[in-house]
Amino acid sequence: MVTTAQTIIISGYYGFRNSGDEAVLKSILTALEEESRQARITVKPVVLSSDPAWTEKMYGVEAVPRMSLGEVRRAVKNSDGLISGGGSLLQDATSPKSIPYYLAILKLAQWAGKPTFVYAQGIGPVQRKIFYPMIRSVFQRCEYVSVRDKQSAALLGSMKLKSPTVEVVPDPVMGLPLPSDSGQAHKAAAELNQDELPTVGVSVRYWDKEHRDLTAIADGLKKLAAGRRVHLRFFPFHLPDDEQASRMVMDLLGDIRGTGSRVSISDQVTDPQQMLLEVSRCSLMIGMRLHSLIYAASHQVPPLGISYDPKIDHFLSRVGSQPVGTAEALDGQKLAVEAMRLLDERNQWIESQGAAIALLKSEARLPAQHIINYLCRKG
Numbered sequence: 002m003v004t005t006a007q008t009i010i011i012s013g014y015y016g017f018r019n020s021g022d023e024a025v026l027k028s029i030l031t032a033l034e035e036e037s038r039q040a041r042i043t044v045k046p047v048v049l050s051s052d053p054a055w056t057e058k059m060y061g062v063e064a065v066p067r068m069s070l071g072e073v074r075r076a077v078k079n080s081d082g083l084i085s086g087g088g089s090l091l092q093d094a095t096s097p098k099s100i101p102y103y104l105a106i107l108k109l110a111q112w113a114g115k116p117t118f119v120y121a122q123g124i125g126p127v128q129r130k131i132f133y134p135m136i137r138s139v140f141q142r143c144e145y146v147s148v149r150d151k152q153s154a155a156l157l158g159s160m161k162l163k164s165p166t167v168e169v170v171p172d173p174v175m176g177l178p179l180p181s182d183s184g185q186a187h188k189a190a191a192e193l194n195q196d197e198l199p200t201v202g203v204s205v206r207y208w209d210k211e212h213r214d215l216t217a218i219a220d221g222l223k224k225l226a227a228g229r230r231v232h233l234r235f236f237p238f239h240l241p242d243d244e245q246a247s248r249m250v251m252d253l254l255g256d257i258r259g260t261g262s263r264v265s266i267s268d269q270v271t272d273p274q275q276m277l278l279e280v281s282r283c284s285l286m287i288g289m290r291l292h293s294l295i296y297a298a299s300h301q302v303p304p305l306g307i308s309y310d311p312k313i314d315h316f317l318s319r320v321g322s323q324p325v326g327t328a329e330a331l332d333g334q335k336l337a338v339e340a341m342r343l344l345d346e347r348n349q350w351i352e353s354q355g356a357a358i359a360l361l362k363s364e365a366r367l368p369a370q371h372i373i374n375y376l377c378r379k380g
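When the letters of the sequence shown are read in order and numbered with the numbering used here, they come out as residues 2 to 380.
Accuracy of the hints is not assured; some may be wrong.
[To be verified] With a Cα cut of at most 20 Å, we get these calculated DMTMM-like pairs of lysine to aspartate or glutamate:
no.	residue 1	residue 2
1	45	72
2	210	332
3	115	72
4	58	34
5	151	310
6	210	197
[Claimed, not checked] Derived DEER-like restraints, expressed as beta-carbon distance ranges:
no.	residue 1	residue 2	range
7	63	332	43 to 51 Å
8	209	260	23 to 31 Å
9	95	318	21 to 29 Å
10	248	353	32 to 40 Å
11	78	210	43 to 51 Å
12	94	345	35 to 43 Å
13	241	94	15 to 23 Å
14	209	255	19 to 27 Å
15	5	158	20 to 28 Å
16	94	256	15 to 23 Å
These are computed hints drawn from the structure, not numbers from a lab.
In this text, a Cβ means the ideal position worked out from N, Cα and C, and glycines have one as well.
Throw the hints in and build the complete structure from the sequences for me.
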């Protein structure tokens, strides 16, 4: 049995107050805590964060500046291993700097002789083939590699990764529990259900430079509100950008009170479990952000996704759904029709997908189990 605390560095897109990525971190921390408790060992997480003080306050763990090479090297040297993930870390669609950064963190740990683990990452897109041998070289020295979809595993296969075995697991957020504070739960339920309207969650982001996607979403929501009395509740996942995008759509909607519907926004929620709580009270989630859809499905709220990235399509396929459209080509009328259909058929969707969702929630803990088992063997 391991008698001393095992210090594990966690590297990812943390401290930027992006609710989806913070939910990934919270999910990993929760899974590690629960698995280590069952194994009767102590794990001490140290998070590489853009805002260490905020991360420490939010999660009650130690954090160090992710861009400070000296502090990262010291943390790695004093650790017992490093976790990279989850989220879409190894991709070059948003920036060519992401892949070199996250591989460098893994390489630092490997040079220091520390075991490294890849935790439910979404790999790709990787448009620059120059990164293929770099990823292969680093991943082949990892003790454990898991990815969140078959497409990520296939991409690693195309890079000729020979070892270790790549395990396909759900996104960690599928295993995130609701907060234990029942008082908060009752308060949120009272706010969302005060007028007994079905709550339709909406998660939008900036993508199309001409905002044609947001215009089409507003058109669809306006048609939905005209055809069905609903409470449209906007959930900004990445502050401040998503709040600005949400308010743009709200402005495009105009005053819909004459239809008997209403509109609200969830302001400044940075705690992922509180956001999860609000989403769990919805009857439907219309989302562009991946984790808005994961939040919803994990608590049996039908997701209606708008795709801007293959990761949306990959996740929806695992819960028996497909995108209603893409950011480049979205029809407002189709959005409204599909939203009304899912509101009508919510119970059927829950019944048909309940077993699959339960399995995904269970499998979301597999990476933590592997890591804790490794620490127990090596301890």
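Here's how the hints hold up against the structure:
Taking the CA atoms of residue 45 and residue 72, the gap is near 17 Å; set against the 20 Å cutoff, the hint holds. About 18 Å separates the Cα atoms of residue 210 and residue 332, which keeps this hinted pair within 20 Å; it holds. With a CA separation close to 16 Å, the supplied pair residue 115 and residue 72 stays within the 20 Å bound. About 17 Å separates the Cα atoms of residue 58 and residue 34, which keeps this hinted pair within 20 Å; it holds.
As the CA atoms of residue 151 and residue 310 are separated by approximately 15 Å, the hinted pair is consistent with the 20 Å bound. For a cut-off of 20 Å, the pair hint linking residue 210 to residue 197 is broken: about 37 Å separates their Cα positions. Taking the beta carbon of each, residue 63 and residue 332 are about 49 Å apart, inside 43 to 51 Å as hinted. Look at residue 209 against residue 260: about 27 Å separates their beta carbons, and that is inside 23 to 31 Å.
At roughly 23 Å, the beta carbons of residue 95 and residue 318 sit within the given window of 21 to 29 Å. Here the CB-CB span from residue 248 to residue 353 is close to 35 Å, well matched to the stated 32 to 40 Å. As the Cβ distance of residue 78 to residue 210 is approximately 45 Å, the hint placing it in 43 to 51 Å holds. For the pair residue 94 and residue 345, the beta carbons lie near 36 Å from each other, so the given range of 35 to 43 Å is met.
Taking the beta carbon of each, residue 241 and residue 94 are about 22 Å apart, inside 15 to 23 Å as hinted. Distance hint for residue 209 and residue 255: a CB-CB separation of about 21 Å, consistent with the stated range 19 to 27 Å. Checked against the hint of 20 to 28 Å, the C-beta distance between residue 5 and residue 158 comes to roughly 38 Å, which is inconsistent with it. Taking 15 to 23 Å as the suggested C-beta distance range, the pair residue 94 and residue 256 does not conform, at roughly 38 Å.
Of the numbered hints listed earlier, those contradicted by the structure are 6, 15, 16.
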